[in-house]
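**Student:** One-letter residues, chain by chain:
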Amino acid sequence: MQVFKAMTRVMRKRLLSAMIYIIVFLVISVFIANVSNKDNKFELTKLRICVFDEDDTPESRALTEFIGKSNDLVELENDRDTMIDALYYMQVNYVLTINKGYAEKIAAGDTADLFGSYHIDESYSVVYMGQFLDEYTTSVKAYLAMGRTMDEAVAATEESLSQETQVDMLRVDKAGNSHFSVDFSMYFQYMPYVLVSAVMIVICQVLVTMSRKDIRFRTNCSCLRDSEYTFQLFFGSGLFVLGVWLLLMIVGAVINEEMYSGRAWLAVFNSLIFSVVVAAIAVFVSSFEPKDNVLNLITQILGLGMSFLCGVFIPTSMLSGSVLSAARFMPAYWYIKANNMIADIQPYSFEGVMKCYGVQLLFVAALVLLTLLVRRVKYSGAAIGTSVKKAAVS
Amino acid sequence: MFLHILKYELKNGLRNKDLIIWLILFPIVLGTFFKIAFGSVYEKTEKFSTIPVAVVETAENQAFRQVLESIESADEPFLSASFVNKEKAEKMLDDGDVEGIIFSGDKLSLTVKEKGIQETMLSAFVKQYSVREKIATDALTAAPEKAQEVIAALTGETVSSCREIPLTQGNPDIYIQYFYNLIAMVALFGCMTGMHITITNQADLSALGARNNCSPAHKSLSVLAGFAGSCVLQTICMVICVTFLAFVLRVDFGDRLPLVYPAAILGGILGVAFGFFVGSLARVGEKAKTAILMTTTMLLCFFSGLMIGNMKAFVAEKVPWLNEINPAALTSDCFYCLNLYEDYDRFISKLITMAVITVIFIFLGFITSRRKKYASI
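Chains as they are written, first to last, in our numbering: chain Z, 1 to 394; chain U, 395 to 771.
Just so you know, these hints were derived from the structure itself, not from any lab.
Quick caveat, the model's predicted, so the values are computed rather than measured.
A hint or two may mislead.
[Said to hold, decoys possible] In the BS3-like style, the derived pairs of lysine-lysine whose C-alpha atoms are separated by at most 27 Å in a straight line are:
{"no.": "1", "chain 1": "U", "residue 1": "K681", "chain 2": "Z", "residue 2": "K291"}
{"no.": "2", "chain 1": "Z", "residue 1": "K46", "chain 2": "U", "residue 2": "K507"}
{"no.": "3", "chain 1": "U", "residue 1": "K441", "chain 2": "U", "residue 2": "K507"}
{"no.": "4", "chain 1": "U", "residue 1": "K485", "chain 2": "Z", "residue 2": "K355"}
{"no.": "5", "chain 1": "U", "residue 1": "K766", "chain 2": "U", "residue 2": "K613"}
{"no.": "6", "chain 1": "Z", "residue 1": "K355", "chain 2": "Z", "residue 2": "K13"}
{"no.": "7", "chain 1": "U", "residue 1": "K528", "chain 2": "Z", "residue 2": "K105"}
{"no.": "8", "chain 1": "Z", "residue 1": "K13", "chain 2": "U", "residue 2": "K441"}
{"no.": "9", "chain 1": "U", "residue 1": "K441", "chain 2": "Z", "residue 2": "K69"}
{"no.": "10", "chain 1": "U", "residue 1": "K480", "chain 2": "U", "residue 2": "K501"}
{"no.": "11", "chain 1": "Z", "residue 1": "K355", "chain 2": "U", "residue 2": "K441"}
{"no.": "12", "chain 1": "Z", "residue 1": "K378", "chain 2": "U", "residue 2": "K411"}
{"no.": "13", "chain 1": "U", "residue 1": "K507", "chain 2": "Z", "residue 2": "K69"}
{"no.": "14", "chain 1": "Z", "residue 1": "K291", "chain 2": "U", "residue 2": "K411"}
{"no.": "15", "chain 1": "Z", "residue 1": "K291", "chain 2": "Z", "residue 2": "K5"}
{"no.": "16", "chain 1": "Z", "residue 1": "K46", "chain 2": "U", "residue 2": "K438"}
{"no.": "17", "chain 1": "Z", "residue 1": "K69", "chain 2": "U", "residue 2": "K501"}
{"no.": "18", "chain 1": "Z", "residue 1": "K69", "chain 2": "U", "residue 2": "K528"}
{"no.": "19", "chain 1": "U", "residue 1": "K681", "chain 2": "Z", "residue 2": "K213"}
{"no.": "20", "chain 1": "U", "residue 1": "K438", "chain 2": "U", "residue 2": "K507"}
{"no.": "21", "chain 1": "Z", "residue 1": "K105", "chain 2": "Z", "residue 2": "K69"}
{"no.": "22", "chain 1": "U", "residue 1": "K540", "chain 2": "Z", "residue 2": "K105"}
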């Protein structure tokens, strides 16, 4: 097993950079798992709202308090730049000014120009709060028209606006029956980037080193059989990929706080197939024997490219149709598609998931064939003869 | 002699594959990915557009139909309804064609797929309908004689109670800041070219360094020429990067694009100065220096928001002084100020800070790289 031993020695040197990717991924995953909310019940979105009360009357204070009941009130300095910063970085969703004279105007039934809203764009929050304020003032006006006093009108408005509405989720037991919650699917969703980066960085480097001219010639003139050499190379690479995958699966089970069950196994199997795809990509890339800096660039392009185009970093629903049609030619697209189906983000069907597995395996087959082709052309007698001639001439 | 060294420094730099890969190709590739991924996220998630909704009528509800029709007749309607049966509606919701299904009958109910602001708005709309119903019932039971007035107050044409005050004319898309940070990253990558000045002038680090040290050219002159060469190369990279983002990817930098270039170039020179300083600081090998510089650069970019969008706001809240001295944050802040602020005060103050930090790095770089003796190498 000399080849295998030599491989592990090279691997050890590169392990640190691979571990950085894996550790950062795991730390972020643990963090996300801790803050995520596992149940799938509908909740209203709470906005972060800053209120400048220029009127400062019991009526305006009542409104501020009422807004604070279903939203988070945030304090800001009343300064243009501070507001722009807070709105831009979404520290605040809405900045409201209750204009001076609010109480008097509303008591007189005049609802025009009661508030001012500072904004940087016509966002959903701006439209939503605009509608809310209109609804609030219209209701107060209606109760005042009934002959109620201001206090009563405000109290009655708050009561009617606090009614519960029936809102159902399309699939209530998303997490319950499938044993694979949307939150946990995030762990599997980000995995392709880590697998590509960590596996490529190590495997490519090792394979490129092993096929360096002097090492290859030395191995070729040893008594080791070609098939034995290839077997040891594959064994070493496979072992590493399997190790990385197994580590991710074990930590995944720990983060999920239960052993995989039900549909989660499909996701586990999906990630195993994707690991094989990544290994095939690594073997293919390394057959071109790229230099260190070029290899780093290829790794980054493949990792980031697949992640951005196929829905690893950004949900597929956010990507445009043309991007997704281009992404179909990349294995990560099918991995993510299967993962989304398993998590019920897209409609689930067993056949659909199997189809995604199948396409990924086809990628493996295509990559293996291409690798064989490249190696045959590169290492054939004719090619070596040409390179020897070239060397002799120079 | 200065021009001679400068010429070779430039020739050397332009033939350096690392420089072409990491300062020109990588930003182009990453910028393209950013554009593909973040190009339409803001439009889809933050910027208001009509919310599509499916309506399933479980029983005849003429009044609700009328409400929907009057809403849809507006210029920019809040929602657009399609009346379908339950199966079709669920399919539409699943496929993402609509944001929710309103079941209209004696009572209204809503079914959604996700939790977000659009769904909250739909729920508020459904609630609004029952609020109006309650007020009308209250009026009929408590003061039937005033019912007409109440209904007039509820249904009358009302002007909006809220006046909208736009704060800026700039591009409010938060995802643009990934591009700002990409430029900041390229600027800081200038440290790699900056580091090479010391590598080629330190006799124990490279053969070229040894050769340079025994040449009759004054050391300060050769270092200065090296620094000027690096600055020129970095300027070329910054110009390519900004031009690619602004004209090929069509990233909207606001209406002051000509000022983005000098800010980016100053950021690049700051990067070179940073590399020059770190490079001359310690007598460690090239690999160790590269590792130190790359780690620091990525860390600075992380705190400036290259990996997480609103990191800078988080830092501003917890450790505000970090944003004032972090070169990556300073560079990306320049673009942010140009885009969103009407005046130039903060932009100029950022530029001055960057210039001061650059001068400090250059000064310290010269101090630490002078008078190095090599007894044996």
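**Student:** Give a verdict on every hint.
**Tutor:** Here is what the structure says about each hint:
no.	hint	verdict
1	K681/U - K291/Z	holds (16 Å)
2	K46/Z - K507/U	holds (18 Å)
3	K441/U - K507/U	holds (20 Å)
4	K485/U - K355/Z	holds (21 Å)
5	K766/U - K613/U	holds (10 Å)
6	K355/Z - K13/Z	violated (39 Å)
7	K528/U - K105/Z	holds (24 Å)
8	K13/Z - K441/U	violated (49 Å)
9	K441/U - K69/Z	holds (25 Å)
10	K480/U - K501/U	holds (16 Å)
11	K355/Z - K441/U	violated (37 Å)
12	K378/Z - K411/U	holds (24 Å)
13	K507/U - K69/Z	holds (25 Å)
14	K291/Z - K411/U	holds (11 Å)
15	K291/Z - K5/Z	holds (23 Å)
16	K46/Z - K438/U	holds (19 Å)
17	K69/Z - K501/U	holds (26 Å)
18	K69/Z - K528/U	holds (21 Å)
19	K681/U - K213/Z	holds (24 Å)
20	K438/U - K507/U	holds (16 Å)
21	K105/Z - K69/Z	holds (24 Å)
22	K540/U - K105/Z	holds (21 Å)
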